[in-house]
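Enquirer: Here is what each chain is made of, one letter per residue.
2 protein chains.
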Amino acid sequence: MTFEKKNLPKKSENLANWYNRVVLLAELADYGPAKGTMVFRPYGYALWENIQKELDQDIKAKGVKNAYFPLFIPESLIKKEREHVEGFAPELAIVTIGGGEELKEKLIVRPTSETIMYHMYAKWIESWRDLPILINQWNNVVRWEKRTYLFLRTSEFLWQEGHTAHATHEEALEMVYWAMSAYEKIYRELLAMPGFVGRKSETEKFAGAITTITYETLMPEGKALQSCTSHDLGQNFSKPFDIKFLSKEGKQEYVWQTSWGLSTRAIGGMLMVHGDNSGLRLPPRVAPIQIVVLPVKMETDILQTCDQIAAELKNQGVRVLVDTRDDETLGFKINKWELKGVPLRIEIGPQEIKTQKFRAVRRDNGEKLEIPISETAPRVKEILENIQTNLYQQAEIFLQENTREAKTYEDFKEIMRTTKGFIRAFWCENPECEAKIKAETKATPRCLPLNAKEEKGQCLLCGGPAKYKWIFGQSY
Amino acid sequence: MTFEKKNLPKKSENLANWYNRVVLLAELADYGPAKGTMVFRPYGYALWENIQKELDQDIKAKGVKNAYFPLFIPESLIKKEREHVEGFAPELAIVTIGGGEELKEKLIVRPTSETIMYHMYAKWIESWRDLPILINQWNNVVRWEKRTYLFLRTSEFLWQEGHTAHATHEEALEMVYWAMSAYEKIYRELLAMPGFVGRKSETEKFAGAITTITYETLMPEGKALQSCTSHDLGQNFSKPFDIKFLSKEGKQEYVWQTSWGLSTRAIGGMLMVHGDNSGLRLPPRVAPIQIVVLPVKMETDILQTCDQIAAELKNQGVRVLVDTRDDETLGFKINKWELKGVPLRIEIGPQEIKTQKFRAVRRDNGEKLEIPISETAPRVKEILENIQTNLYQQAEIFLQENTREAKTYEDFKEIMRTTKGFIRAFWCENPECEAKIKAETKATPRCLPLNAKEEKGQCLLCGGPAKYKWIFGQSY
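First to last, the sequence lines map onto chains A and B. Just so we're aligned, residue 456 is where the first sequence starts under the working numbering, counting upward by one. Just so we're aligned, residue 456 is where the second sequence starts under the working numbering, counting upward by one.
Please keep in mind that the hints were generated in silico from the structure rather than gathered at the bench. A portion of the hints provided could be inaccurate.
For identical chains, the list gives no copy identity; a pair is met inside one copy or between any two copies.
Restricting the straight-line Cα-Cα distance to at most 27 Å, the calculated cross-link-like pairs of lysine-lysine (DSSO-like) are [as the list claims (entries may be wrong)]:
1) K868 with K812
2) K891 with K922
3) K535 with K897
4) K752 with K823
5) K769 with K520
6) K788 with K862
7) K601 with K517
8) K535 with K490
9) K706 with K922
10) K699 with K769
11) K535 with K559
12) K561 with K534
13) K515 with K924
14) K694 with K490
15) K601 with K578
16) K788 with K640
17) K578 with K466
18) K706 with K911
19) K706 with K908
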């Protein structure tokens, strides 16, 4: 009996089929009964818990406090900021019946919480002494989708949304960039996903923001994933929501605001980037199980040795599991844990007990390592770090190889028709050029990298003056 | 300037007014814009985080894994178990519009997740090897309410819901009692709230359960609060949801199920039980801030000493805050932190620096203690434990003093008309007697304590044979 990998399409041949199948087979998630919904199964939810734990620590260390605001937003509130409601209107789920009665005012299931939070902020803020307000919430939001793409596009998703209010624009901007730096840490260090940090175009920015900063990663088929965003809201919400404060100078002023969010979509991106034809490859730092120990036979001394090794590793903070199922062959288990992406596999049999050495197999590159049992913990921890680094480097190479320059629009079209990936190109920042490029190539400006330097260029499309090379790509 | 305690009604005179006011003044929570909703402000949400942390550890140690199921339940699913839908129908919030279109099938915003989870369990379970399934989720649920009672009764609340499936009824029952023991630990050890553990009457049990075990606590005005529940669902859901497994003996059998939940209502009960006329009294183990350090003057050496003390306490895992606001007098701050219920207050001034001793004031009983700065951490930790114990003991005495025996129905009515509280009385377990008692006294059987011994008694109302003394009370 071998694990049903035969059901797993090749990642290199059909990414979407591979992805849907591997997520189901690995028991990360499943489809919910209502259209567009998904179930986070324990193995998949544990990934989210690991992300939460890291990010929540950073959020708290910054002095941002967690809170919780209602799921239901009265329709009148969501309509207060014009661009905001226009942006979200097509995606709303609306409650019209409550407690057996038709509601007088419809309730929107939050697609994001700006409006309901800022309605409260207006009540709470009186003077500069009440500022800054630094609040985050971990919750569920709903943006209507008809087709589910597990983790990547679902009607309901989980995320955190930070919402801050400040006395000055400068202070708000500092928060916008701080949030993005915290997200970069999650992506680069935890999820081993490189990407571009930059500013969104006016067309692509958040509905209601002055500026949106984004982290854009690249998926294996060459499409871009907007992986999280941080918004400078300026006074766009504080004016309609009347969030004023008495300044130190005794003047009534509107607060400056930010919002920033990272969602369970991050998990989908991570799975796509690192997986291979045999299944998932989870970066050790986020993996729910970092090491699986497989007894070659179900014999007492072997099981005891497995437990000893596991106990030592657990003691050192390593997440380890001994697979003692007796109805699966060793081959089946090897395939199963490869598919589930556990970073390192250890096999223990009579030979290993005799020699007091075991073989560890790296999931990322298949490398086999001989480890003396007496050196288990330090060696294993070192290998896990190497795996983490290797996965990042592989993704980084892929990103670099698939970030191209396009000198002409012909080049641009050709690339978007064939390899796809990111393209660096001059753009005049005119929305008409943006729309035409999108219509003809499906590509949009993903971001203007924060570190882009000013040049004297010509717009890819219209040839007009263009100061910066933007990153273009086809998005999810 | 003194803190606006003048706005705080006396707890002893008007409990509901005191409660609503103290929750707002302490910035624990606020009313949301939609009817029945509330906002958990950071200080209130931190209480929930502390409960979560403790309970989540126990849940994981038991081998139960966290997961996340969709918010929206198709109407057809929720109708599968007749008693369940009848129980919840009047409280449902219903989404009828999604993505700009009238939905073909209405979506219920989950009031609890049995139906959607068990729909998935049926897909996942094939043989005894897939059992037990031990899943928990931390989420939000909605049960329609027109009037908000902050934390205690709100349309949306936060909770955890554990849902397990087993091969035998015996194993399921073990889980039902395990969950209640975990909850008891939270109530007794963290929230310092004594109560009765027992079985619900057939009328009061969960819609769809065979048996419901409850933890019933007593509020200051003598009303009972159902504080959490754990349900033996038997095969009541596995049959309509067709959750079958192939047993070891090769037979198709229905699984045995449990569900159990503890919600943010726990916070409301805890605030009510311990508070006094000056505000909250938070049990140290759950308090977001365990110690507040107040500099008597804003002078460098004083502030340095405050910071040193705080740093040492933080180092020892104590949650401490130095209040350095310079626009509030010491008196104002003392009142503020008393109202906010911080268990221990330390004041540091020139005198304290000179003598290297400071005064610590206990919030629970006002006791003042002299502590040498060199002994800060061990002494403070000891005092915090004493406060925790004292709050529990005070609540325990109140519970005992307000749990009475009623030999006759006349006695029973008199108690329920005057002091209220819990009453131990024989009841024949006939729902007609239960209904009549409720109509005449507003009291219902809250639970049959698990440790009740069998006796030969006569029903309080009808005089018929009654085996057990039940605990009666008026409920929230």
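Enquirer: Indicate, hint by hint, whether the structure satisfies it.
Expert: Cross-check of the supplied hints:
1. K868 with K812: neither (56 Å within a copy, 77 Å between copies)
2. K891 with K922: within (19 Å within a copy, 82 Å between copies)
3. K535 with K897: neither (33 Å within a copy, 45 Å between copies)
4. K752 with K823: within (20 Å within a copy, 65 Å between copies)
5. K769 with K520: Result: close only across copies, 18 Å inter versus 31 Å intra.
6. K788 with K862: Cα proximity of K788 and K862: none, with 51 Å in one copy and 65 Å across.
7. K601 with K517: neither (38 Å within a copy, 38 Å between copies)
8. K535 with K490: Answer is between: at 19 Å across copies they meet the 27 Å cutoff, but 30 Å inside does not.
9. K706 with K922: For K706 and K922, neither the intra-copy (39 Å) nor the inter-copy (73 Å) Cα distance is at most 27 Å.
10. K699 with K769: Close neither inside one copy (52 Å) nor across copies (36 Å); limit 27 Å.
11. K535 with K559: Classified as within; 18 Å inside a copy, 30 Å across copies.
12. K561 with K534: both (12 Å within a copy, 24 Å between copies)
13. K515 with K924: Neither way: K515 and K924 sit 36 Å apart in one copy and 50 Å across, limit 27 Å.
14. K694 with K490: between (37 Å within a copy, 25 Å between copies)
15. K601 with K578: Between copies, since 22 Å is at most 27 Å while 37 Å is not.
16. K788 with K640: neither (33 Å within a copy, 39 Å between copies)
17. K578 with K466: between (52 Å within a copy, 26 Å between copies)
18. K706 with K911: For K706 and K911, the Cα distance exceeds 27 Å both inside one copy (43 Å) and across copies (77 Å).
19. K706 with K908: Neither, since 39 Å and 71 Å both go past 27 Å.
Hint compliance for this structure: hints 1, 3, 6, 7, 9, 10, 13, 16, 18 and 19 are broken, all remaining hints hold.
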